[in-house]
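Engineer: Here are the chains, one letter per residue:
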Amino acid sequence: MLRYALRRGGWTVVQLAVLSVVVFLLTDLLPGDAATVDFNEQAGLDQVAQLREQMGLDRPAAERFADWAHGLLTGDLGTSLVGGGPVSGVLARSVTATAALAAVTLLLLVPLAVVIGLVTGLRAGSRTDRVVSAVTLTLTSVPDFVLALLLVALFSLRLGWLPSTWVGADDLWWQRPELFVLPVAVLLARTVCVLSRQIRAGTLTSLNAGYTVQARRLGVPPVRLVLRHLLPNAAVPGVQELARTGDHLLGGVLVVEAVFAVPGTATALVEAVQNRDVPTVQALTLTLAAVACLLNLAADLVSRRLAPRTEVLR
Amino acid sequence: MPVAPTRRNALLMAAAVGTGLFTGCSTAASGSSSPRKGGSLRAAFPGAGVKETMDPHAQRQFVDIARHKAVFDKLVELDASLRPVPRLARTWSSDASARVWTFELREARFHDGHVLDADDVLHSLARILDPKAADHLAKKSLSSVDLPNCRAVGRRSVEIRLTRPNAELPALLAMTGTAIVRAGWDDPRHPVGTGPFRFVSFTAGRSFVARRFDDHWNGAPHLDEVRVLSAESEARGAAVRSGEVHYAHEMTPTFARSVEHDSRVRVVATARSGVQGFALKTDRPPFDDPDAAMAVKLLVDRERLVDVVCAGRAEIGNDLYGKGYTYYPDGLEQRERDVAEARRLLRRTGLLGKTVSFYTSTASDSFAQAAHLFAEQAEEAGLRVKITNGPPESYFTDVLTTGTVTNHRCGAMSIPTYISERLLTESPQNATAWQRRDFDEAFAAAQAVTDDEERERRYGSVQQTLRDRGGLVLWAHPQWLNAVSRTLRGVKEAPPNTVDWARFDTVWLD
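Chains as they are written, first to last, in the working numbering: chain Y, 1 to 314; chain E, 315 to 824.
Chain Y extracted, bound-state conformation (with noise of 0.2 Å):
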């Protein structure tokens, strides 16, 4: 397992690698650069042309590369071409915010997504699981800026209760939990349907498995027959789905974000794509790629934990 991880870790350096020269070409090939961005409405082509050669834009795409790739290698992420700060700064502010969220939402969601997909499991087809079906398919189903929009209208415009959205929380928002409710409200109304369907359609699949009907039949108590035999082997369509969903949230929901003015990692790559700001793009793609990679190798092992007979670590 360690050989398999080990070589998993591996690979995903040289995913990390081919994926930032991806992206920086086509960072690259996106019409405009930094400097026209910049001075978009502003100024004349002139002026353009003295702030593309302040931002080094007038060099060859190789070199350019070659010298961020260095830069990186030393451990430096550069600088933003837009604002003259460190990029490393743009990188930590973001993701804190969006990690913040994204903790809080996992934390609340596998419990919930559990409880959710086994009682409906176990009672399939009972006025509970199809009230709890109905419930999470129609949320499902609504998109998650209207949902926004709704709970904003209600709790925040029209009751009160809760703020909007998180503009001038500046960098106080994790002193303001008041802030976290909607958006997290929010978060998980898509993502504990989904993985609860996932866990709730495993359950189905064990409980009429020839291994638990065995088990019924030689006398396992039935909670440990759930606990102990049914759960691990229902939870590794789960342990997957939670991977996506973790990958997801902290690659940013720009949606809840825009809404609610969350200054998150969407927001901020977003506005890097816009501003042409090549480094800024670089530094948050690969770390999220980097997570994602990370996530799903996490995924992984976990499910081979649970259910060890299944063929994951090929």
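In case anyone wonders, no lab produced these hints; they're calculated from the structure.
All clues given are correct.
Now the stretches of chain Y that chain E is said to cover, found in silico as 3 or more residues with beta-carbon under 8 Å:
1) 42-54
2) 73-84
3) 146-157
4) 275-286
Taking CB as the label site, the calculated pair distances span:
5) N703(E) <-> V22(Y): 22 to 30 Å
6) V467(E) <-> G84(Y): 33 to 41 Å
7) Q54(Y) <-> P462(E): 19 to 27 Å
8) L45(Y) <-> V653(E): 34 to 42 Å
9) D501(E) <-> G71(Y): 21 to 29 Å
10) V467(E) <-> Q54(Y): 31 to 39 Å
Sample of chain Y residues lacking proximity to chain E, with all beta carbon distances greater than 12 Å (derived):
11) W11
12) A61
13) L106
14) V194
15) T205
16) L207
17) Y211
18) T212
19) C293
20) L297
21) R305
22) A307
Where is the CB? At the ideal position from N, CA and C, for every residue including glycine.
Given the structure of chain Y, go ahead and fit chain E onto it with the hints provided.
Structural biologist: Using the frame of chain Y, we list chain E on its own:
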């Protein structure tokens, strides 16, 4: 990857949700009309992320300008009709050639206690004109300042010499990026100005905090503190409605409609805050022929464009910039739609039944809509229009070289500034590629006239040439919409970049 909702969709949603949930009737705002001291104001502006800066000479976004306005002052500002009004300069005068100017300074104190003197002004000018600073925007418009020959005349008087005569120097000193900084100052992390608020903190893309400066030359502000925050459109709307901010800059007509019956929010609409239109490239066929350009000016249905694109919140344009501003010619007849005459001109210039291309983008919500409406209207006169889309982020730079017909917009600035920025051969933003040496000379000659009436007359004739022969089809002077909470008093209607715009030293919280 999640899909980004377009701003329009999200706003429509917000509006729909809003009208569905709120049916409360609006009550007349009550409260004292005399200013109350104290309180912390929160104002939200469209953010620009890491681009935001506290260097007042590198300001570009409204959010920057609003922040710098709290901390710094300029020598001169513009009033609502874009006429220069004194700020740090008490008075000014020029010699008969408009080449040597003297500005008398006010006794104003910097936040560190230093009293403003001529050296501060000279340092500020030198910093703005620094050849190495590519991002100092006023560099171009102030390029005629003859820096080595500018000098202090006593402690509180500055002589500014120009390399070419310009009677508009005071207006140029009121433009973006012209704040007066302390002699020797060059550290945007610690802004020190003479402004009504003293700098406390700033995080690019997020927030700015400043506290009242009791020694401000114009009297201390009413507020204790001002916070200028960055937020996107939907967030600004929600924040001002829920009372999290008191002032939201740049709102849409859709938002204004959705808060019509909301007793907590008031929309401050400033009429004639700039221009919307189309730019025809006059250096290439077909619009190098003024008759072809005139055909387009006659075929557009301005009223319909205003109704649809600006939701009726605009005044109809007359192909000239700056309606209601100083130097706008009086007694012009409104150009009306005349499809028959347009068709005649199209036939004469060989354009009838031909296709022209319209280069548009989503740089502004209204651009693509205006382009499609224009295509319909042109079709009715027998001109086909093929619409192509460009990237929004670099659109305004791209249109300087690309396209035959493009979208045009411009915020509030003085008419001579508009002409020198956009309509001279050397202008940085010459979107109509209007390059006429005789026009340049006539404008330069007008600028050199020190007699106000004569100058106005000459500007009038220059503008007449543009309206008849130029490539600008200006069909609307849109309103500028800001939203303020009912508790915020003293907010005046003012076009962006004028003295009373984003001015937080004269407002108060009830």
